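Going down the list, the sequences are from chains A and W.
So that you can map any letter, position 483 of the first sequence is 483 in my numbering, and since no number is skipped, the others follow by simple counting.
So that you can map any letter, position 486 of the second sequence is 1486 in my numbering, and since no number is skipped, the others follow by simple counting.
Since the hints were derived computationally from the structure, they do not count as laboratory data.
Note that this is a predicted model, so its numbers are computed, not measured.
Glycine is no exception: its CB is placed at the ideal position from the N, C-alpha and C atoms.
One thing to keep in mind: the hints can contain errors.
Non-contacting residues of chain W with respect to chain A, defined by C-beta distances greater than 12 Å in every case (computed) [stated by the list, open to error]:
1. 1201
2. 1217
3. 1245
4. 1282
5. 1285
6. 1372
7. 1441
8. 1450
9. 1461
Quick list of the computed label-pair ranges, beta carbon to beta carbon [as the list claims (entries may be wrong)]:
10. W/1257 / A/155: 28 to 34 Å
11. W/1056 / A/217: 31 to 37 Å
12. A/396 / W/1056: 38 to 44 Å
Protein chains: 2
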Amino acid sequence: MNEIAAFTANTLNTHTYTNTGTTLLPNWLKRCAENTPRQVAVSTREVSWTFADLDQQASELAQQFATLGIQEGSRVGVLASNGLPFIACVHALMRLGAILVPLNVRLTLDEQLWLLQDVRAMALITDEHYTIRADEITHHSPALTRGTAVWDASSDRVRLQGVAMSPTAPLRAEIDLSAIQSIMYTSGTTGMPKGVMVTYGMQWWNALGSALNLGHQPEDCWLLCMPLFHIGGLSILIKNVIYGIRIAVYEKFDAQVINQALREQQVTIISVVTVMLQRMLAALDAEQGDGRYPTWLRCVLLGGGPAPRTLLEDCARRAVPVVQSYGLTESCSQAVTLSPRDALRKLGSAGRPLLPVQLRIMHEDVVAQPNQAGVICLKGPSITGGYDHRPEATASTIQDGWLATGDIGYVDEEGYLYVLDRRSDLIISGGENVYPAEIEAALLSHPEVIEAGVCGEADAQWGQVPIAFVHLQAGSALTMEALLEYVSTRLARFKQPRRIYLVAELPRNSSGKLLRRELNKLLPAASTQEPM
Amino acid sequence: MNEIAAFTANTLNTHTYTNTGTTLLPNWLKRCAENTPRQVAVSTREVSWTFADLDQQASELAQQFATLGIQEGSRVGVLASNGLPFIACVHALMRLGAILVPLNVRLTLDEQLWLLQDVRAMALITDEHYTIRADEITHHSPALTRGTAVWDASSDRVRLQGVAMSPTAPLRAEIDLSAIQSIMYTSGTTGMPKGVMVTYGMQWWNALGSALNLGHQPEDCWLLCMPLFHIGGLSILIKNVIYGIRIAVYEKFDAQVINQALREQQVTIISVVTVMLQRMLAALDAEQGDGRYPTWLRCVLLGGGPAPRTLLEDCARRAVPVVQSYGLTESCSQAVTLSPRDALRKLGSAGRPLLPVQLRIMHEDVVAQPNQAGVICLKGPSITGGYDHRPEATASTIQDGWLATGDIGYVDEEGYLYVLDRRSDLIISGGENVYPAEIEAALLSHPEVIEAGVCGEADAQWGQVPIAFVHLQAGSALTMEALLEYVSTRLARFKQPRRIYLVAELPRNSSGKLLRRELNKLLPAASTQEPM
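Next comes chain A alone, as it looks inside the complex (with noise of 0.2 Å):
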């Protein structure tokens, strides 16, 4: 038996191998209704459906997206508030392999018609909310496909309207992880909005890793008052059909209707931004109770920026189960969360990589040493591969698989990351990301305008509002009501700025590049007109 050491590991080359080049799993929804069909699945103030109705909904609507022409690999806008027929629409277009594009329903007709172009989408679906503004959009592009995606009381499902469905239409039964399951529009530093392609693999990923860090518990019940058009909200119903759990939906975050739903859902889960948790803590005091939430609320996901340490420390004296995370569309949502084990010991962290994500961070092209700061950078199965038609971001991105995010943080000796800033000019707005660029973009598209600057102004209701400084051409008679009304109709109310201060110069580093944190500087003294 000699010749057993002449097979040395250098000889053999079948040491990996890989079964297929994709993989394949049954579609989530599809096996939640075979598990456990008579579980709820989803429920909203009108109804509840079970996965059994969820999934027969999914396949209905499936097969009139069909008859519309939609198919593998379409891409379809869906304009919608939270709500059924958005949660329909998710659940038909991957029984389709077709590609969800949600549009931000804030966003003025200017920005959305580009975005649909942007995308090459070839259909747009609208709920009963947004007919009009589907009329503006087709009005503008005739050749887009529409539907209508009306919940009807009598059926209890959603349905387009005046469509036949296909009963041949060919649904998927399994789900490839490589494929794109939806492009998430979001800006950069370059000012202009870029796709992120979003796939079930980054989904799954996503899934997986929260679970494994925050727990799973089949009885979970997560609720979701984020915008389903941000990943923050989406990806929740994408747990809900790979977790098997229910999600209780809410169409608009008011503080009073979310408290009152925690203990009457049986909620043990909820995903907020700070804003909303602080507004539901001031409601809860409101009640004159003991100020505290039920004891089956295991976590309090909070996401959106750094949280204020007074916040944190409000919710550790109430034992709110409050679990820091910090996430961007690119990462699927969360990537980093603090582990309800490290709430306490670890005040103010956003906490440690999910099991997916690597996370280091760059100062200066090199890695930083413990509790130096530099841009956090991410890798992993639930990152972006990159942006949709997109190249040149992409390369300047994603490097060797690591995505540089823009933000700024360190992480301590035990691996802990501390988000100092989200990317340098970046604006949270009650939880909506603004990007300077885009809206100095706006404001210099007016012929007068030669200079502007944009940054974010502390704000008590908000976080932050965007201001703007502009500087005119000599003998402009511009005022800055007028430039106000100018930007109104190009950008969404949220990016529009508080106040616009006319200024003489903006601060630029020696290569010109316009240094925005000084922007602030400029305030005491340098308008030389009356902020509006």
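Starting from the known structure of chain A, arrange chain W on it as the hints suggest.
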């Protein structure tokens, strides 16, 4: 903006993309050591190791392995009892990207030699209990590199005796899910054992599928008293570091010890086979308590063949949270599991496939109807891609991604699997799979044996034991005693027939195929000689 609709789905081929060919994750153990360094990872009778301990242990042992020449892709036999040396070896090999080949400690010298040769092992690592066997093995295979891993109480570390560490060994910080983690030998209907390729990805998908079904609680403790050389035991070592939970490892199964451990170690999950659970309940009754387990025991995961209904009903009476499951080496342990919420409603069923798994029953090459029996087939990323260097066996077992298990069962209208019989000829003795063809081959290797047939006989203690029927050469004076003695060096004790019957001929079908199911009919009168 009319050009929007010009970009239809058909003109885009970017709706799927793959980031890279393989999925890389941070090393699971390393990640646990970073997340929760001070949390207990493994407790045995002797020690408790934190995740930091286990991580350091893995790195140090890997550096000793590197000195022996073990490297990426090396195939390394491990022959050790359930204990710290085995556990340390598993993680050290992962750190090097080397392939674990666990040896069943009950196999004979000949069987182990054959297996090491078949797998092209370059090294054999044993613990101190198997040094004599290691001497025998290396006597026959002198080129096999050998190491003895021993736990040293003073340093509280497992060390290879007399081997220095290679500080420059290339330790891997990442795990490639497509790489082979272990090769696990299992027999089939063909008689000779085959090496099942078990990838990191199979382990990952199995662990996550299980967590989604059973729930995952970061405070879980999983009791491991199954042999580590089988997939059922090994997969718990991997869940240990994927979940980041504590495991309590026992060298041997002793019902009283395990019952005590469930209380004292705050065990929440235990994996057992039927015979173990029966003994545990008997021991529980002997204690004259209330005949119940602590409430924190939330899952008794029961594998290793169909469980008797009386046992399941006994468990229901005692509120023992028994969860039936079905799996095999090729499916990286459990593939089908009865969710706790269905335990009573579907008593006797093995449940529904875990999330990554697809299940179907094939009856005469057609997918069976509900309630129609046939061969159980499995598909998904937790199912093996095949047998090591056995393309024919792989091709005949796996077709279009579907693994034909050979086991017989049916699914009901709700998709719940009922296992009627493990592979028709398979004998399960004390949780060990015993393959008649392998025993028959050993009997037939005796020059005076013309025909041999083996089947199982019910046994109160072991569930089943093998019995054999032989047809001898005319004029042979071979006694059954001598024949038993003959096979005892060729077959592990649990494979040795309890009795051998001398018969004039064996039941065969028209094409001469042995009908093992008919063998039992020979029992009452057919034996021409008293059994031994």
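The hints, checked one at a time:
1. 1201: violated, 8 Å
2. 1217: violated, 5 Å
3. 1245: violated, 10 Å
4. 1282: holds, 31 Å
5. 1285: holds, 31 Å
6. 1372: holds, 18 Å
7. 1441: holds, 19 Å
8. 1450: holds, 30 Å
9. 1461: holds, 36 Å
10. W/1257 / A/155: 28 to 34 Å: For residue 155 of chain A against residue 1257 of chain W, whose Cβ atoms are near 60 Å apart, the range 28 to 34 Å is violated.
11. W/1056 / A/217: 31 to 37 Å: holds, 33 Å
12. A/396 / W/1056: 38 to 44 Å: holds, 39 Å
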